[in-house]
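Take these sequences, add in the hints, and give me the full structure.
In case it helps, this note's numbering puts the sequence shown at residues 1 to 119.
These are calculated hints, taken from the structure and not from any lab test. Check each hint, because a few of them may be wrong.
Said to hold, decoys possible - In silico BS3-like cross-links for lysine-lysine, where the CA-CA straight-line distance does not exceed 25 Å:
(1) 61 to 98
(2) 37 to 61
(3) 61 to 88
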Amino acid sequence: MLNFCILTGNIGGDPEINYSHDGNPIASFNLAFRSGKEKTGWIKITAFSRIAEITEKYLHKGARIAVVGSLDQEKWQTESGENRTGYKIIAHSIEFIKTDGRGFENNQSDQPDNDDVPF
1 MLNFCILTGN
11 IGGDPEINYS
21 HDGNPIASFN
31 LAFRSGKEKT
41 GWIKITAFSR
51 IAEITEKYLH
61 KGARIAVVGS
71 LDQEKWQTES
81 GENRTGYKII
91 AHSIEFIKTD
101 GRGFENNQSD
111 QPDNDDVPF
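Structure follows, in structure tokens:
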């Protein structure tokens, strides 16, 4: 089965960086995304190795991004013994989305206007 997700949203807080036993970086942060007109959803994003390095260097709270990754189910037990289940996305790529300063996507292309070109 194919496990492939694409989400756009805003980072809810500065990414947290940890390191694996062999020294590879692991970045994690929460992404806020629209789930209907007035409903906001949240999901944890985890990135490894090179993507984690880029995350640490360039991402910050409020940044608008697109994440391509796979959905991963987590299971854990609370201190009181309750079993919990949650989901996160393992990032395969992250793309920065340019905004106009007010948080709106800027869909203006940096390419020249070629409307006069006949092809």
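Now the hints, each set against the structure:
{"no.": "1", "hint": "61 to 98", "in the structure": "holds, 15 Å"}
{"no.": "2", "hint": "37 to 61", "in the structure": "holds, 22 Å"}
{"no.": "3", "hint": "61 to 88", "in the structure": "holds, 18 Å"}
Hint compliance for this structure: every hint is met.
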